[in-house]
Amino acid sequence: MKKVLVHIEKGHYPQELLDFVGKMDPLGHIALTAAFLPESDYAGVAAATPDLPHHRQKLGDFCTDRGIRLGIHSDYHDFELPCLQSESRYADLMLLSARHFFETQASEQPNAWMREMLRDAECPVLLLPDNAPLPGELILAYDGSADSMYAIRQFAYLFPELMGVHATLVFISNNPEAQIPHAAGVREFCVTHYKRFRMLRLTMKPVEFYHTWIGMMTHPWLITGSYGRSFLSEMLSKSFSSEVIREHRIPVFVAHR
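The opening position of the sequence shown corresponds to residue -10 in this note's numbering, with each subsequent residue numbered one higher.
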């Protein structure tokens, strides 16, 4: 069973995230925590958490119909992001909407709130587009760092039910002579968990990788390490984020130590 965290902000009901929970639960049971975040007024003062009985009822009906255990948390006395960060400390996985996360503050994604949460979350984050599918292929972004290996390992531990999905470890470098760092070690780990595994070394930029390769895959998920460094940082740069996250709709799994 996985403890999965979603949040309610300013009354937005996260239907796109709950639809995904409904897809995932049959594969491995989920215990859902819904955090009703406090609103902040225009002076930046934390206000009361919105008490929305119809959203609570809707959540309750959703979970009851599927046999999902539900916990609702709403007793907060801080601003939205610190509350959500604190909740992430006690979750296995946090789901965030790639399109709707704090869109009332800034609609262009990734906005400052998303960047902060990806950096500061204390559990892995799955960044989801609307109508997110289950994975048809897994892209394991690897640069030889401990951070990238940590994400690959955490995904395997968190989603054993997805280990039969095609998985490709991708190492990208502008240097045509560069080799995959610690190739024997990472291969030995990955073939233990990812049952349909291969390794790929590419000489190109991450942007080119997306246009020439990921875009042709069937329902790919990207697994990557710490936000703000290397692969994901470029994938979520201001000029590139709309195309990757919103237009082409690729789920992104982020885990860091």
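These are computed hints drawn from the structure, not numbers from a lab.
Heads up, some of the hints might be wrong.
When the alpha-carbon atoms are kept at most 20 Å apart in a straight line, the in silico EDC-like pairs for lysine to aspartate or glutamate are as follows [unchecked claim]: (1) LYS(-9) - ASP8; (2) LYS(-9) - ASP81; (3) LYS47 - ASP109.
Pairwise CB distance ranges (calculated) [to be verified]: (4) PRO149 - ARG238: 39 to 45 Å; (5) ALA173 - PRO149: 20 to 26 Å; (6) LYS(-9) - PRO165: 25 to 31 Å; (7) ARG78 - PRO149: 19 to 25 Å; (8) TRP202 - ASP119: 19 to 25 Å; (9) GLN168 - LYS(-9): 34 to 40 Å; (10) LEU59 - ARG238: 24 to 30 Å; (11) ALA135 - LYS(-8): 23 to 29 Å; (12) PRO71 - PRO149: 56 to 62 Å.
A virtual CB, placed ideally from N, CA and C, is assigned to each residue, including glycine.
Status of each hint after checking the structure:
Taken as a hint, the LYS(-9) and ASP8 pair is honoured in the structure, with Cα atoms around 16 Å apart against an allowance of 20 Å. Between the alpha carbons of LYS(-9) and ASP81 the distance comes to roughly 6 Å, so the proposed pair stays at or under 20 Å and holds. Straight-line distance between C-alpha atoms of LYS47 and ASP109 comes to about 30 Å, which puts the hinted pair past the 20 Å bound. The beta-carbon spacing between PRO149 and ARG238, approximately 25 Å, falls outside the hinted interval of 39 to 45 Å.
With their beta carbons about 24 Å apart, ALA173 and PRO149 fall inside the hinted range of 20 to 26 Å. At roughly 41 Å, the beta-carbon separation of LYS(-9) and PRO165 lies outside the given 25 to 31 Å, and the hint is violated. About 23 Å separates the C-beta atoms of ARG78 and PRO149, a value consistent with the hinted range of 19 to 25 Å. Range check, TRP202 to ASP119: about 23 Å between beta-carbon atoms, so the 19 to 25 Å window is met.
For the pair GLN168 and LYS(-9), the supplied restraint of 34 to 40 Å holds, since their beta-carbon distance comes to about 36 Å. The supplied range of 24 to 30 Å is met by LEU59 and ARG238, whose beta-carbon atoms lie about 27 Å from each other. Look at ALA135 against LYS(-8): about 25 Å separates their beta carbons, and that is inside 23 to 29 Å. In this structure, PRO71 and PRO149 break the distance hint of 56 to 62 Å, their C-beta atoms being roughly 32 Å apart.
Going through the hint list in order, the structure does not satisfy hints 3, 4, 6 and 12.
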